[in-house]
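K.L.:
Chain by chain, the residues:
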Amino acid sequence: KLGIVDLHPSIWQTSPRLDILYENIEWQKTYKKIDWAYTPPHHEYPSMRGKPWPQKGTGRARHKSKFDPQWKGGYKVHGPKGPTSFFYVLPKEKRVEGLCTALTVKLHQNDVHFVDSLDLPTHQPTYLQELAEDRFWGPSVLFVDDTDIMPHNIMFASAKTEGFTLMPVYGLNVYSILKHTTLVLTIRALNKIEKKLLHALHSCDNPKDQPAPPDEP
Amino acid sequence: MSLVFQSLIRRTPSTFIARIPCRLWSSSGKFPSHPMGTEEYENQPRKSITELPDELTERGAKPEFISGYESTKDGWDWVDNVLFKSAIPEPPNHPTPSGWVPPDPRLARQWPYFVDRDRFHSYALYVRILPVMLEYWLHEQHRYYLNIFRRRVEYDIYAQRTRRFSLLELISGDIWALDHDLKAYLTKRVHLTDDKSKELPILSQVDEIKRHILVEGEYEEWIADFLKEKGF
Chain G
1 KLGIVDLHPS IWQTSPRLDI LYENIEWQKT YKKIDWAYTP PHHEYPSMRG
51 KPWPQKGTGR ARHKSKFDPQ WKGGYKVHGP KGPTSFFYVL PKEKRVEGLC
101 TALTVKLHQN DVHFVDSLDL PTHQPTYLQE LAEDRFWGPS VLFVDDTDIM
151 PHNIMFASAK TEGFTLMPVY GLNVYSILKH TTLVLTIRAL NKIEKKLLHA
201 LHSCDNPKDQ PAPPDEP
Chain L
1 MSLVFQSLIR RTPSTFIARI PCRLWSSSGK FPSHPMGTEE YENQPRKSIT
51 ELPDELTERG AKPEFISGYE STKDGWDWVD NVLFKSAIPE PPNHPTPSGW
101 VPPDPRLARQ WPYFVDRDRF HSYALYVRIL PVMLEYWLHE QHRYYLNIFR
151 RRVEYDIYAQ RTRRFSLLEL ISGDIWALDH DLKAYLTKRV HLTDDKSKEL
201 PILSQVDEIK RHILVEGEYE EWIADFLKEK GF
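Protein chains in written order, with full-length UniProt numbering: chain G, 1 to 217; chain L, 1 to 232.
Bound-form chain G, shown alone (with noise of 0.2 Å):
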């Protein structure tokens, strides 16, 4: 142990808002989603000229084509039409209260841990899988740095094992958070998320209420 970190309580000691956590999840999961779901209308079918049999005379059911939608292998009127995208943006304001409700959730579980830097001795797998069973540090674990540039120990170890991530400030996501047992953040992390939450909970990027711009000369 090589000190005390000092927390923001904005970020780290939030009401925790259950229903905003839910609705980031659901976000993460339904905005990348794309139904390719679709069913040709009649004129993307060959062509209805004939019909199958005359009117009359034959002991069956009179139709005008084999395509209708009462026949097997029928067109569809009003079936899925084309890809639909689900594609949404959250508000930002949920999207940063989400984030900021994980992290006290994973605070308050004991499940974060804060590290000086992600620097190992060696390269082996087995440093780092005996040392974080050693720290009880759950089955995943997500290490967070401030650059997406990891230095190539922890780079090669995590890439062997299962359930151990790397990751840069700029990917935090409350899907990962809470995806992962245990949390990890270097020094230099955890103040980047610090000064990004606290400018994004007291700015404001809606100038609604603001004078237009002047014109250009």
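No wet-lab data here; the hints were simulated from the structure. Predicted model, so just to flag it, every value in this text is computed and none were measured. Among the hints, a few may not be true.
Unchecked claim - Derived lysine-lysine pairs resembling BS3-like cross-links, with alpha carbons at most 30 Å apart:
1) L:Lys-210 - G:Lys-29
2) G:Lys-94 - L:Lys-188
3) L:Lys-210 - L:Lys-183
4) L:Lys-210 - G:Lys-94
5) G:Lys-94 - L:Lys-228
6) L:Lys-210 - G:Lys-192
7) G:Lys-76 - G:Lys-66
8) L:Lys-183 - L:Lys-230
9) L:Lys-210 - G:Lys-195
10) G:Lys-33 - L:Lys-228
11) G:Lys-92 - L:Lys-183
Unchecked claim - Not everything, but these chain L residues come out facing chain G in the computed CB check (under 10 Å):
12) Ala-87
13) Phe-114
14) Asp-116
15) Arg-119
16) Leu-167
17) Leu-170
18) Ile-171
19) Gly-173
20) Lys-210
21) Arg-211
22) Lys-228
23) Glu-229
Virtual Cβ for every residue (Gly too), placed ideally from N, Cα, C.
Got chain G sorted already, so can you dock chain L onto it with the hints?
P.N.:
Relative to chain G, chain L alone:
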């Protein structure tokens, strides 16, 4: 050579042209396919439309000034005052003439609940006209409904308007105690006004997951006074 590339070479020092990065390469791989792929094009300082060379502007699009002008950087403070800034400034520590009151943490600490302020340092107090599911049983025919913005909304025939609610958000701590205190305060205030039509009880809904209290009726000002008394 294209005109854009010519003007680019005219304006950049010769050392830059030697180092060309590997973006937007042409198929032969010998030169970038567009000057926009080069670093110096993207990093050059933005110039106003009045300073573009003739080749890059359409004929007649370049503005012509009748009188001379000079560009200065004095008086930037006046411009800065008008620009939109995303960071919200800190408010003063004293009540302002508009009626805004800062929170009193000494006074607020004694209660078992806490009502936070929003990012703009105001109470999280809102009016709501909420939609209602249609339940058209025979014994409920005294309930009237109105369609506003394609949502079915309850209509109060005695007040002759839509049924409105006041919403108080950002609550932490013991919500039920706050609910109890709030209802007591509002009923006392209603008795003070001595209005016969408002003798009905104050109804409220508490949501523990969303941390809010919904009070039936438009009691925003009275709830704001309640919050001021408590020091939130």
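K.L.:
Given the hint that L:Lys-210 pairs with G:Lys-94, does the C-alpha gap stay at or below 30 Å?
P.N.:
12 Å, holds
K.L.:
Please work out if L:Lys-210 and G:Lys-195 have their alpha carbons no farther apart than 30 Å.
P.N.:
Roughly 26 Å between the alpha carbons, so the hint for L:Lys-210 and G:Lys-195 holds.
K.L.:
Does L:Lys-183 pair with L:Lys-230 here, judged by a C-alpha cut-off of 30 Å?
P.N.:
14 Å, holds
K.L.:
Is the straight-line distance between the alpha-carbon of L:Lys-210 and that of G:Lys-29 30 Å or less?
P.N.:
22 Å, holds
K.L.:
Mind checking the alpha carbons of L:Lys-210 and L:Lys-183 for me, to see if they're no more than 30 Å apart?
P.N.:
19 Å, holds
K.L.:
Any CB of chain G closer than 10 Å to the CB of L:Arg-119?
P.N.:
6 Å, holds
K.L.:
Given the hinted pair G:Lys-92 and L:Lys-183, is their Cα-Cα distance within 30 Å?
P.N.:
34 Å, violated
K.L.:
Please check whether L:Lys-228 passes as an interface residue: C-beta within 10 Å of a C-beta belonging to chain G.
P.N.:
Since chain G brings no Cβ nearer than about 22 Å to L:Lys-228, farther than 10 Å, the hint is violated.
K.L.:
At a threshold of 10 Å, is the proposed contact between L:Glu-229 and chain G supported by beta-carbon distances?
P.N.:
22 Å, violated
K.L.:
Within a Cα-Cα threshold of 30 Å, do L:Lys-210 and G:Lys-192 meet the stated pairing?
P.N.:
29 Å, holds
K.L.:
Hint L:Asp-116 vs chain G: min CB-CB distance below 10 Å?
P.N.:
8 Å, holds
K.L.:
Hint check: is the beta carbon of L:Phe-114 less than 10 Å from a beta carbon of chain G?
P.N.:
9 Å, holds
Hint compliance for this structure: hints 2, 10, 11, 16, 22 and 23 are not met, and every other hint is.
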